[in-house]
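K.L.:
Start counting at 1 in the sequence shown, then tack on 298, and there's your number in our numbering.
Calculated directly from the structure, the hints in this document are not laboratory data.
Possibly wrong hints are sitting among the right ones.
[What the hints assert, rightly or not] Only pairs whose alpha carbons sit at most 25 Å apart, straight line, appear in this in silico SDA-like list of lysine to any residue: (1) 579 with 592; (2) 344 with 324; (3) 583 with 600.
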Amino acid sequence: MVSSETANYPFVFVHGMFGWGSNEGINSHIPYWGATTGDLIAKMNKKGFESYAASVGPISGAWDQACELYAQLTATRVDYGAAHAKKHGHNRFGRAYYKPLLEGWSSERKIHLIGHSFGGNASRMLAHLLANGAPEEVKETGDETSPLFTGGHGDLVCSVTAICSPLNGTAAYEVVKKYHLIKPMRMAVYTYCRLLSKTVLNGKLIDFHLERINFTKAAYKYKHESFKNDLKKCEYTIDDIAYDMTDPGAKFLNTNIDIAPDTYYFSYPFNAVRKDPKTGKLKPKDTDFLFLALTSSSMLKNARNSHKDANLDYVENDGLVNVAYAKHPPDEPFKEYKVSEEPVPGIWHVMPTSIGDHGTAIGLFADEAKTVSFYLEMLGKLRALETAKRPQFALR
Numbered sequence: 299m300v301s302s303e304t305a306n307y308p309f310v311f312v313h314g315m316f317g318w319g320s321n322e323g324i325n326s327h328i329p330y331w332g333a334t335t336g337d338l339i340a341k342m343n344k345k346g347f348e349s350y351a352a353s354v355g356p357i358s359g360a361w362d363q364a365c366e367l368y369a370q371l372t373a374t375r376v377d378y379g380a381a382h383a384k385k386h387g388h389n390r391f392g393r394a395y396y397k398p399l400l401e402g403w404s405s406e407r408k409i410h411l412i413g414h415s416f417g418g419n420a421s422r423m424l425a426h427l428l429a430n431g432a433p434e435e436v437k438e439t440g441d442e443t444s445p446l447f448t449g450g451h452g453d454l455v456c457s458v459t460a461i462c463s464p465l466n467g468t469a470a471y472e473v474v475k476k477y478h479l480i481k482p483m484r485m486a487v488y489t490y491c492r493l494l495s496k497t498v499l500n501g502k503l504i505d506f507h508l509e510r511i512n513f514t515k516a517a518y519k520y521k522h523e524s525f526k527n528d529l530k531k532c533e534y535t536i537d538d539i540a541y542d543m544t545d546p547g548a549k550f551l552n553t554n555i556d557i558a559p560d561t562y563y564f565s566y567p568f569n570a571v572r573k574d575p576k577t578g579k580l581k582p583k584d585t586d587f588l589f590l591a592l593t594s595s596s597m598l599k600n601a602r603n604s605h606k607d608a609n610l611d612y613v614e615n616d617g618l619v620n621v622a623y624a625k626h627p628p629d630e631p632f633k634e635y636k637v638s639e640e641p642v643p644g645i646w647h648v649m650p651t652s653i654g655d656h657g658t659a660i661g662l663f664a665d666e667a668k669t670v671s672f673y674l675e676m677l678g679k680l681r682a683l684e685t686a687k688r689p690q691f692a693l694r
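From just these sequences and the hints, can you work out the full model?
P.N.:
What follows is the structure in structure tokens.
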């Protein structure tokens, strides 16, 4: 066990859509955190910042990801909540964890949650549930309710940091919707997950965390037609990451996530768009990743056609998330971060917009020194938030 009297708070990094954590085989080939610049988690640990890379369902919604993250932190079985599972027609329980992601998580040894892309929303959801609970789950299961849903544990999280996060959805969804790609993309992803879940690669090279809908090797003990039935069930669902990033999905999330009053919140938007000096038009000039250059261009074109009076924050984007939506949820308090002012809990501190694309933020095709410096500065600011530790109980 780590002594909370001498240790600083640990940092828990939460990946985004289609991402992975340090326990998955793919991470040894290309780490999610650090990407082409090298393992960022290892570098932060060497610099004295105790850091961990969690792994959650890469296509799961914010609620399910928060439940998975909680189980990893507490070494328990994933409990998605009886009421939630009944509402969405999936299993209540997922896999069991027998070793916590980190030792000694308690109100004496809080955590800093750092989420990239949708990982920011998963982090927000975890902080919300710990602080406020879920009354519908308590009503459904009474004394058997997971501590995650009972509330009153907001003192377990010191800060939430969202990097390039779709805190109000993303305008990229409008582009996908315009070209009628939602259903085929959803089906392609679920088919891929279902097929690969049959192989030894599931859980070793990559991990989908889809036990709640029986996307595991064990599921093939059932009838052959279960494959077809499962895919049909997944044609449209409001319980996955795709829905959470739509306009109605983002509104639902923001309506049902409350800011934890004792937790610090920070957002780091990135922007790959600037004016072409020759034409004066906005273009994705600050990305070397062809895919994000194409998506950024599509978002720019759609914004010009659909929102001619939109402000620059809405038009500018990192290739996947527009700057305005990465700053703060629309219904939560915020302020522009100022070095001269002390951060306060219960409000979003919007950091200055960084230059680069959605991948630059995690070191993908980025400069190694700049990537390391960016995170060292971030973690240093977060560590400065840590105050005197009051003896309280540990939640396990």
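K.L.:
Now tell me, hint by hint, if it's right for this structure.
P.N.:
Against the structure, the hints:
no.: 1; hint: 579 with 592; verdict: holds, 16 Å
no.: 2; hint: 344 with 324; verdict: holds, 22 Å
no.: 3; hint: 583 with 600; verdict: holds, 18 Å
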